[in-house]
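Using the sequences and the hints given, assemble the complete structure.
Protein chains in written order, with this note's numbering: chain A, 1 to 185; chain B, 1001 to 1077.
It is possible that some hints are incorrect.
Calculated lysine to any residue pairs in the SDA-like style (CA-CA distance at most 20 Å, straight line) [as the list claims (entries may be wrong)]: (1) Lys85/A - Ser1034/B; (2) Lys1022/B - Arg33/A; (3) Lys80/A - Arg1038/B; (4) Lys63/A - Asp1076/B; (5) Lys57/A - Pro1071/B; (6) Lys57/A - Pro1069/B; (7) Lys80/A - Ala1032/B; (8) Lys1022/B - Asp40/A; (9) Lys80/A - Ala1047/B.
Calculated directly from the structure, the hints in this document are not laboratory data.
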Amino acid sequence: MTSNVTPIVTEHRTWLSQGDIFERLPVVTVGVRDSALAADWAPGPAMLVSHGCAIDKKHNKTKRSTCEWLSFLPIQDMAKLDAGKAGQLREVGLDRRPPYNVLYLGELPSIGEGYAPLVQVYTLPAVVLATEVRDFTDDETGEGPDRRLVPTVHDTRVASLTADALDAFHWKWTVQWTGASVTAE
Amino acid sequence: MARFVRGQESRLAVTAERRELKRVATTRLSGASSEVRRCNPVDLTVAPFDRVTAFDFEDMPLTRVRAVPAPVDDTDW
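Set out below in structure tokens:
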């Protein structure tokens, strides 16, 4: 059991990272309204799911960022679930067991207790965040000097997943989309 | 037999398409739990944070694999 003892979120870094939690981003939805197909967006909380390698990838010659798109999951309100299901989800926490299509996120700063439905991934152009590459020192990254992507507008991040929560996300993400249970060597 | 004036057939086709969309959406929700029906993700009148997603706790058979890091993608795509 990890649900009650393992922190799920921590402070976010300056650069964009998989698992960053935004308090307000455009959340895109397609549905049926008045019997007609309709698309809409509304501001809401969301989690960045693009992988760090894709976020920070640079062109070989120009060294400019090649990141044009960023993918997100909408975050939804635990209080809207019935009490039984919410209790089960809290009890599962970060454990590697069902439900596979949802990640419990716990209490999120400025947002409240939330969860992310893994099947509702949507993509925004990176220009929405006016991303740009900045230099970071060895001390800042802890992984050597590097050039990483940062948002320059609409940076409403309030937290980021911990390493343990990212591991749980990777496991559930793989199971949900491939049916495979992956164990790293 | 009904006779159509110009443009009526296409309007009827659009109406049929919309009716089908509504039927599909209604069918999808008819099997959902009450809270999902109340604030399903496709309901555009519900704010994103207030939506509910259906999920269950049943296990399913999984393929167990070992993973190694993917090779670095250094292609300019």
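Do the hints match the structure? See the list:
1. Lys85/A - Ser1034/B: holds, 13 Å
2. Lys1022/B - Arg33/A: holds, 8 Å
3. Lys80/A - Arg1038/B: holds, 10 Å
4. Lys63/A - Asp1076/B: holds, 11 Å
5. Lys57/A - Pro1071/B: Holds, because 14 Å separates the two Cα atoms, which is no more than 20 Å.
6. Lys57/A - Pro1069/B: holds, 16 Å
7. Lys80/A - Ala1032/B: Status holds; Cα separation ~15 Å.
8. Lys1022/B - Asp40/A: holds, 17 Å
9. Lys80/A - Ala1047/B: holds, 12 Å
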